[in-house]
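Chain B: place on chain A using the hints.
2 protein chains.
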Amino acid sequence: MLSEPLESLPSGYEITSLFSPRSIAVVGVSQERKNAGQGMLLSLLKFGYKGALYAVGLHGGQISGIEIYRSILDISGPVDYVICCIPADATLKFMKDCVRKGVGAVHIFASGFSESGNAKGRRLERKLVDIARSGGVRVLGPNCLGIFSPREGMTFYDTTAPFLIRSGAVGFFCQSGGNTRELIETGTVRGIHFSKGVSYGNGSDLSESDFLQFFARDEETKVIGGYIEGVKNGRNFFETLQGIASIKPTIIFKGGQTRAGKLAAATHTGSLSGTAHIWEVVCRQSGAMLVNDLDEMMDLMLVFSYLGREKTGRKVGIVSVSGGRSVQCADIWEKEGFSIPHFPLEVQRELHLFTPEVGTSTRNPLDAYVVFWDASLFSRALKVLSEYRGIDYLIIDVSIILSLTGIQGGGAESLRAQIEAIVHLSEQGFKRLIVVLPFEGVLDTMKLGFELEQRLIGAGIPVYPTMLRAASALKRFVGYCENGSS
Amino acid sequence: MLSEPLESLPSGYEITSLFSPRSIAVVGVSQERKNAGQGMLLSLLKFGYKGALYAVGLHGGQISGIEIYRSILDISGPVDYVICCIPADATLKFMKDCVRKGVGAVHIFASGFSESGNAKGRRLERKLVDIARSGGVRVLGPNCLGIFSPREGMTFYDTTAPFLIRSGAVGFFCQSGGNTRELIETGTVRGIHFSKGVSYGNGSDLSESDFLQFFARDEETKVIGGYIEGVKNGRNFFETLQGIASIKPTIIFKGGQTRAGKLAAATHTGSLSGTAHIWEVVCRQSGAMLVNDLDEMMDLMLVFSYLGREKTGRKVGIVSVSGGRSVQCADIWEKEGFSIPHFPLEVQRELHLFTPEVGTSTRNPLDAYVVFWDASLFSRALKVLSEYRGIDYLIIDVSIILSLTGIQGGGAESLRAQIEAIVHLSEQGFKRLIVVLPFEGVLDTMKLGFELEQRLIGAGIPVYPTMLRAASALKRFVGYCENGSS
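Chains as they are written, first to last, in our numbering: chain A, 78 to 563; chain B, 78 to 563.
The following block holds chain A by itself, in its conformation from the complex (with noise of 0.2 Å):
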């Protein structure tokens, strides 16, 4: 099934190389100075790198027990990718040494092109293309920061999070480098698997509709995201979406939708953004999601992440803390286009067996501040939701504040264990659950928060920071499961 469309589509066979290129070359990198080669260099050793690793450098040299080649031509094996990390100015006589050197693909990392906004810049990069065009080297860049693969090893910088970092099923294009490693950063944090991602800037040669088909291809990935501030041939890149979109869930964030935008796209990689409206009909039309920040776009790859396409629905029932909160939440879950179906007065009387008639609310939202404060009651209480065929998802409101600050609340102690119920929820097969838990506050607030959320998404249990982020998420999620082809 997932073949058909496929087959229509050009092929982007080149791009394989360069997501497990089998050796790098780090050009620019100095054995004394720090600086963004010996920078690029130390993260692909550090981030495990399997395949054979050179390094270029003027002044030669040698660091980590790397010999620093004196020019690329002096490496005696072959090398499947290059990333370039010299000045704008040397880039010319260097990609021809790629051609000569029969190299796949050459990664600029610098800026100075066309992005730049004047004549030299555009011309530099123009005649950088034909030159590798013309030796069959593929360019990457420039003005970005390359490629991620956790699997190879591949990176191009030092994460803030490495003991989080796995590979997983979600791949991302993305036009922005500082987007890149806030999506890598704030991903891991919370759970969201990378499988490949590449930053790739002016987009000069290899650009988004090229990521898009060789995403489309690959079978690690099953979530695809996108940030573009342009492309470079509309009717291709839409064409390419409209094959892929609807196979496997795609993301886009467009930069560059307002009059100022525009222009900070266009000084930022060289693009001409095209207009908000566009974008938005193309989207719809193609199945793709269109999303206007960040962090929509990773609570999107999330709820694509964890939660099974094959059953959705919307009616939630709603766990919540507090009676204010259950207020919020069953309106911010209904203006959503949610309906939180009262719970049958079968599933009340079981919830009341063990919960006051004062102080609660079983009705939907569960408002039930008592089983808060005790795991075992909590525990039930999931159960007894989790067994009512009524709701297609439930939705858990967790309150650090709330559950530290209660009069008669237990603390860390108690809100550890109401986690541990929920992954025992999950653990015993039902799945279709969403965590909410912001964890604003002071550092021991944020350091239980951080903890909760690591070990609730370790058990495959998706987290949100609020309910309106949820709420929007899973929204975007069912509409894509009910009109999507799978």
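In short, the hints are calculated from the structure, not lab data. There may be inaccurate statements among the hints.
[As the list claims (entries may be wrong)] In silico lysine-lysine, DSS-like type, Cα no more than 25 Å apart, as pairs:
hint : chain 1 : residue 1 : chain 2 : residue 2
1    : B       : K204      : B       : K170
2    : A       : K552      : B       : K412
3    : A       : K412      : B       : K552
4    : A       : K412      : B       : K412
5    : B       : K524      : A       : K524
6    : A       : K412      : A       : K392
[Claimed, not checked] Partial pick of chain A residues on the chain B-facing surface, computed with a CB cut under 7 Å:
hint : residue
7    : T237
8    : P239
9    : N256
10   : T263
11   : S399
12   : Q405
13   : A407
14   : L481
15   : G518
These numbers were taken from a predicted model, which means no experiment stands behind them. The beta-carbon is built from N, C-alpha and C at its ideal position, and this holds for glycine as well.
Leaving out everything else, chain B in the frame of chain A:
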């Protein structure tokens, strides 16, 4: 100027004693058991309540050196305010004692009244109020937490952030106890300081109109926030709001806007919620600001607490750490109705004296990665922009993640120096400043983020977790200042 519109309002004098009682009796205190009464009493002691503090409990005894009387009638001195933590069933008899004792007001903590949805609860609440009123006693609640007043040392719980709590200019009335605690906890961490606050639950006697009038007159309170599920006397409340909202910024968060939300509100505080549309109209007409959640309420409280209202406008200058973020920032601010004017050539020239041509945009947003890891350059850039008269606000986008993981980034020390440069700018008198500082991430990122945020707040600079929330808040702020009477 303040006095005229307020003269026409019904008097709210009784409530003054509610927020600054000379004596408090906590009723329902156990010597042994950690019950609500004991919690309330100990919290008051810890928070430093300075007036006469009495404890009352069926079994007598003593706690923390305070004698537990068996009846409120055993207390010899006058009692201004009672915090009553006994079960609903026992409150009628107790209220009669309060009348005999001649107390000023009684806060009823217990639930089990009209919010229970049955005739018994409604009858109980009516009787309670009848007894109180006939004896000249005011009732706060039932089904609520009561009064919070840092200046008086009044509280109902142990905050997780005692070291951050100080008295300020924001007053609130809140129908939900949970929302009250969230507002205090999260608000305090964000640098919102409260004058007085009240959680008033079912609002059987004292309710939203009384509190609104109180805050309008209270000199300590400069900004008012209210979370309301339903009003007891709509006309009265709306007329009060009409007279107040244009004088003091008044932020209203309405719970129970949807069918599901209304039902939840009915079981939470026994409230009839009214339609969402009515609230929109009433707020628009009165000049009150209607918000959708607590975060938005705090975002507005923050901007009204920190920015001067004398000179506003819709032209922003933006300093951002990455090109991708610059594009998003520009999009966001323009969508919110601001303009991001290009800096004139002489400003750009001045910036280019110390920023490279390549990899920098000096137009607006200023996207100059280089200045973000050299505090002296950063400081110089801020000075140039703050001296340019063509912008009303300077928005500084600080990304911890991008600074920590940047290949050429300087890490935590560089970030701290950046923040000091911003603080310095503010200390030099430039106050039209907003910092956006997201700090999701691993523990170290959050820790650093918390430190930087508190440093900025301490210097009187408002900080927002996302660009969108900053822009939305400033939009409402500028709109209010333009239309408000002040």
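Going through the hints against the structure:
The straight-line distance between the Cα atoms of B:K204 and B:K170 is roughly 11 Å, inside the 25 Å bound, and the hint therefore holds. With a C-alpha separation of about 24 Å, the suggested pair A:K552 and B:K412 falls inside the 25 Å cut-off, and the hint holds. The hinted pair formed by A:K412 and B:K552 meets the criterion: a straight-line CA distance of about 24 Å does not exceed 25 Å. Pair hint A:K412 plus B:K412 holds up; C-alpha atoms about 23 Å apart against a cutoff of 25 Å.
With a C-alpha separation of about 9 Å, the suggested pairing of B:K524 with A:K524 holds against the 25 Å cut-off. With a C-alpha separation of about 13 Å, the suggested pairing of A:K412 with A:K392 holds against the 25 Å cut-off. With 7 Å as the threshold, the beta carbon of A:T237 comes within range of chain B, its nearest partner Cβ sitting at about 5 Å, so the hint holds. Because the beta carbon of A:P239 sits about 9 Å from the nearest beta carbon in chain B, more than 7 Å, this interface hint is broken.
Nearest Cβ of chain B to the Cβ of A:N256: about 4 Å, under the 7 Å cut. The hint holds. The restraint placing A:T263 at the interface with chain B holds, with a minimum CB-CB distance near 5 Å, inside the 7 Å limit. For A:S399, the suggested interface contact is upheld, since its CB lies about 3 Å from the closest CB of chain B, less than 7 Å. Proximity of A:Q405 to chain B holds as hinted, the smallest CB-CB distance being about 6 Å (cut-off 7 Å).
At its closest, the beta carbon of A:A407 sits 4 Å from a beta carbon of chain B; the interface hint therefore holds under the 7 Å criterion. Interface restraint check: A:L481 against chain B, minimum CB-CB distance 6 Å, threshold 7 Å, status holds. The restraint placing A:G518 at the interface with chain B holds, with a minimum CB-CB distance near 6 Å, inside the 7 Å limit.
Of the numbered hints stated above, the single one contradicted by the structure is hint 8.
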